[in-house]
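Q: Here the protein sequences line up with chains A and B, keeping their order.
Okay, so the first sequence: first residue is 1 according to our numbering, each after it adds one.
Okay, so the second sequence: first residue is 1001 according to our numbering, each after it adds one.
Derived by calculation from the structure, the hints in this document are not laboratory data.
Think of the CB as a built atom: it goes at the ideal place given N, C-alpha and C, for glycine as much as any other residue.
Keep in mind that a hint or two might mislead.
Claimed, not checked - Sample of chain B residues with no beta-carbon within 10 angstroms of chain A, all distances over it, derived: (1) Arg1052; (2) Ser1163; (3) Gly1215; (4) Phe1315.
Claimed, not checked - DEER-style ranges, computed between Cβ atoms: (5) B:Pro1164 / A:Thr155: 44 to 52 angstroms; (6) B:Ala1107 / A:Arg283: 27 to 35 angstroms; (7) B:Glu1298 / A:Ala143: 30 to 38 angstroms; (8) B:Phe1109 / A:Ala178: 45 to 53 angstroms.
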Amino acid sequence: MRRLTARSTSAFVRLSKLINVAVLAFAGTAAFAEAPKRVVSEDAPDRVVSMNVCTDQLAMLLADEGQLVSVSSLAYDRRTSAMVEEAQNYIPNTGRAEEVFLLEPDLVIAGTYTARAAVTMLERLGIKVVTIASASSLKDVRAGILEVGAALNQTERAEVLAAEFDAGLAALQADTAARKPRAALYGANGYTVGSQTLSGEMLVAAGFINIASEMGLTHGGTLPLELLALSAPEVVITSQPYPGASRSEAVPRHPVVARMQAQAVSTKIDDGDWLCGTPFVLRAIKTLAQQRETLKP
Amino acid sequence: MTRLMLLLSALTAVLFVASLAIGPAEASLAETLSALFQDDGTPLTLIMREIRLPRALLAVAIGASLGLAGAAMQGYLRNPLAEPGLIGVSSSAAFGAVLSLQTGFAATFALALPFSALSAALIGVLLVLALAGPRGASMTLILAGIAISAMAGALTSLALNLSPNPYAAHEIVFWMMGSLADRSMQHVTLAVPIMALGWLMLASLGRGLDALTLGEDAAASMGINLKRLRLMLVLGTSCVVGAATAVAGAIGFVGLVVPHMLRPFVGGRPSRLLWASAIGGAAMVLAADIAVRLVLPERDLKLGVVMALIGAPLFLHLIYKTRKELA
Chain A
1 MRRLTARSTS AFVRLSKLIN VAVLAFAGTA AFAEAPKRVV SEDAPDRVVS
51 MNVCTDQLAM LLADEGQLVS VSSLAYDRRT SAMVEEAQNY IPNTGRAEEV
101 FLLEPDLVIA GTYTARAAVT MLERLGIKVV TIASASSLKD VRAGILEVGA
151 ALNQTERAEV LAAEFDAGLA ALQADTAARK PRAALYGANG YTVGSQTLSG
201 EMLVAAGFIN IASEMGLTHG GTLPLELLAL SAPEVVITSQ PYPGASRSEA
251 VPRHPVVARM QAQAVSTKID DGDWLCGTPF VLRAIKTLAQ QRETLKP
Chain B
1001 MTRLMLLLSA LTAVLFVASL AIGPAEASLA ETLSALFQDD GTPLTLIMRE
1051 IRLPRALLAV AIGASLGLAG AAMQGYLRNP LAEPGLIGVS SSAAFGAVLS
1101 LQTGFAATFA LALPFSALSA ALIGVLLVLA LAGPRGASMT LILAGIAISA
1151 MAGALTSLAL NLSPNPYAAH EIVFWMMGSL ADRSMQHVTL AVPIMALGWL
1201 MLASLGRGLD ALTLGEDAAA SMGINLKRLR LMLVLGTSCV VGAATAVAGA
1251 IGFVGLVVPH MLRPFVGGRP SRLLWASAIG GAAMVLAADI AVRLVLPERD
1301 LKLGVVMALI GAPLFLHLIY KTRKELA
C-alpha cells in the first residue's frame, strides 16, 4: 500500500514537472529574462498555501509578493474576512487535501481547527504544515502575527506589524475613561461570549462592560432570551445574518432583541474585523468605541 | 362526555398557566401573571408578552391541530396507526417550509411560509391516500409513510446542505424533531389563521366519520357525501399540519398518543374523539414543552424528542397488537 502511494506520488511529480517544462517552453524566454527579484532568503518557503481564514489574512499581510499562492475561500467573504480585495490576487482553496496538494505548496499554514483529516493527509504526503492557534485574546493577536511571520521567514516584517499593533491598542485603551455602558454580544443560537475571548476583550477595550461577566460566563455560552431581557443591557450587539434563512440566526433577530435595540443604540458589527486575531480588530474596537460615545451619558 | 371535556379543559388551563410561569427567568407565579397583564415597564413584561405567551399559545394551537388531525385520519382510514408524523405528512410539510425559506419565497408575502408548508403537506396526504387506498390497510399505510418520510427527510437535508448558511446543518435537527423555543408572536399570527381554517374543516367531519364506522356503503346510504368528506379531510389535515410544522418543525406522535389514550373514554365514537383529541393534544404538547424546559433547561432539548420518547413505545405496542393484520 505504502509503496503504491510512493510510486503514484513520484509518477505525479514527474507529470507535474513535465507540465512545468511545457509551461516554461510556452511562456518563452522573454518573461523569464527578468527573473523575479525575491528578497526571500534561501530557506524561505516560496509556495505557501493558507487553509484558514485567519492565517489567510496574516499571511497576506506578511508574505512577499509571489510567496503566498492560495488562501481559503472564506477569505473572499465580507462576513468572515477583512481582506476581500487583497484575496483576489490569490487562488482560492476550499481546504480539501487533494486540492491543496495539487497546488504543490512547500508550506501549508492551517488553523488548529482546520479540517484535521486534510491536514494529517498533507503531512503524510510530506508537506510541511504549520498550525496556528486561533486568537482567544488581544495578546494572542501579537503572538499570531509573529508565528505566521516566522513560518514565512518574514520575522522583521512581523515584528514591525506587531509593534504597530501594540501601539494602536495602547492608543485606543488610553481614551476609555468615560462611563462604561453594559453591553451583550449576542450571536446565533443565543450564544454570548465572555471576557476571556478575543471578542470579549475587544468589547472591554472599546469601553463596555460585558454582561456575560456579570453572569460568570468567562468564555461564553448560550444565554436564553429571557435572561438577556432580564439583565437589560444598554446595547445588544448582533452580527449580520448569512444568506439563506436559519433558525439559529433567528434568535438574535427575535422581537425581544429588536425591542431592546430600539430602546438603545442599535449596533451591528462588521464581522470580518471581529472574527480573527488580525490587526483589523483595532478598527473594530475603534468603531465600537465611537458608537459608545454616541450613547446618552 | 361533558365530564371528560371539563376535565381535559381544566388540565389544559392548568398546564397553560404552568407554561407561562416556567422559564429561565425566575419569578413567582403572581409576578409573572401581573407582568403579563400590566405593562409595568420591567423586562418581565417583555419576557411574558414576547417570549412565554407566544410559546404557550403555539403549544395549545399546535397540540390541538395535531391531535385533531390524528383523530380525523384514524377515523377516516379506520386505522389507529394513521398519524401525520408517521405517514410522512409532517416531514413533507417540513420540506415545504425549508424549501420556501431557503429559496427566499417565504419572504415574498406574509403567509408564504405556512402556505408552502401547507402545499407540501397536501402532496404528502394525497400520496399517502393514493398509496394506501381508501381502507388504509396497516401494512400499505405504514410502508407508504416510511417511503414518504424518507423522501421528504432526504430532500430537507439536501436543501439544507445546499444552503449558503453556515448554520444550516444545525437546522436539520429542528425540522426533523421540532421545537417551540424562542418563537415569537409573529409565528402565532403566521400559523393560527391557517390552523383555524383547518380546525373548521376537520370539525365538520364528525357526523361523516361516525357513519363511516358502519362501512362506506352504509355511510353513503345515510346521505354522507364521501367525496366531500375526503376533500375536507385532506385539506383540513394539510392546513393544520402545514401551519404547525412551518413554525415549530415536525412534531411527531401527538396524533397517535392522544386519540389512543382518549378512545376508551368516548365510546369509540369518532365525532367525540375529534373534540377530545383536540383538547387532549393541546394538553399533551403543553406538558411535553414544560418537560423540555424542566428536564434539561440549558441544553435546548427538542420537543419532538420528548414526544418520540412518549410515542414510540406506544407505536410499538400498537404494531404488536395489529401484527396479525400486518402478517
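Q: Take the hints in turn and mark each one as holding or not.
A: Verification of the hints:
1. At roughly 8 angstroms from the closest C-beta of chain A, the C-beta of arginine 1052 of chain B falls inside 10 angstroms, breaking its exclusion from the interface.
2. With a least beta-carbon separation of about 4 angstroms from chain A, serine 1163 of chain B fails to lie farther than 10 angstroms from that chain, contradicting its non-interface assignment.
3. No Cβ of chain A approaches the Cβ of glycine 1215 of chain B within 10 angstroms, the least distance being about 46 angstroms, so the stated non-interface status holds.
4. Distance check on phenylalanine 1315 of chain B: its Cβ is at least 27 angstroms (rounded) from any Cβ of chain A, clearing the 10 angstroms threshold; non-interface status holds.
5. For proline 1164 of chain B paired with threonine 155 of chain A, a C-beta distance near 39 angstroms fails the hint of 44 to 52 angstroms.
6. A beta carbon spacing of about 32 angstroms between alanine 1107 of chain B and arginine 283 of chain A agrees with the range 27 to 35 angstroms that was offered as a hint.
7. Separation of glutamate 1298 of chain B from alanine 143 of chain A is about 33 angstroms and conforms to the stated range, judged on CB atoms against 30 to 38 angstroms.
8. For the pair phenylalanine 1109 of chain B and alanine 178 of chain A, the beta carbons lie near 47 angstroms from each other, so the given range of 45 to 53 angstroms is met.
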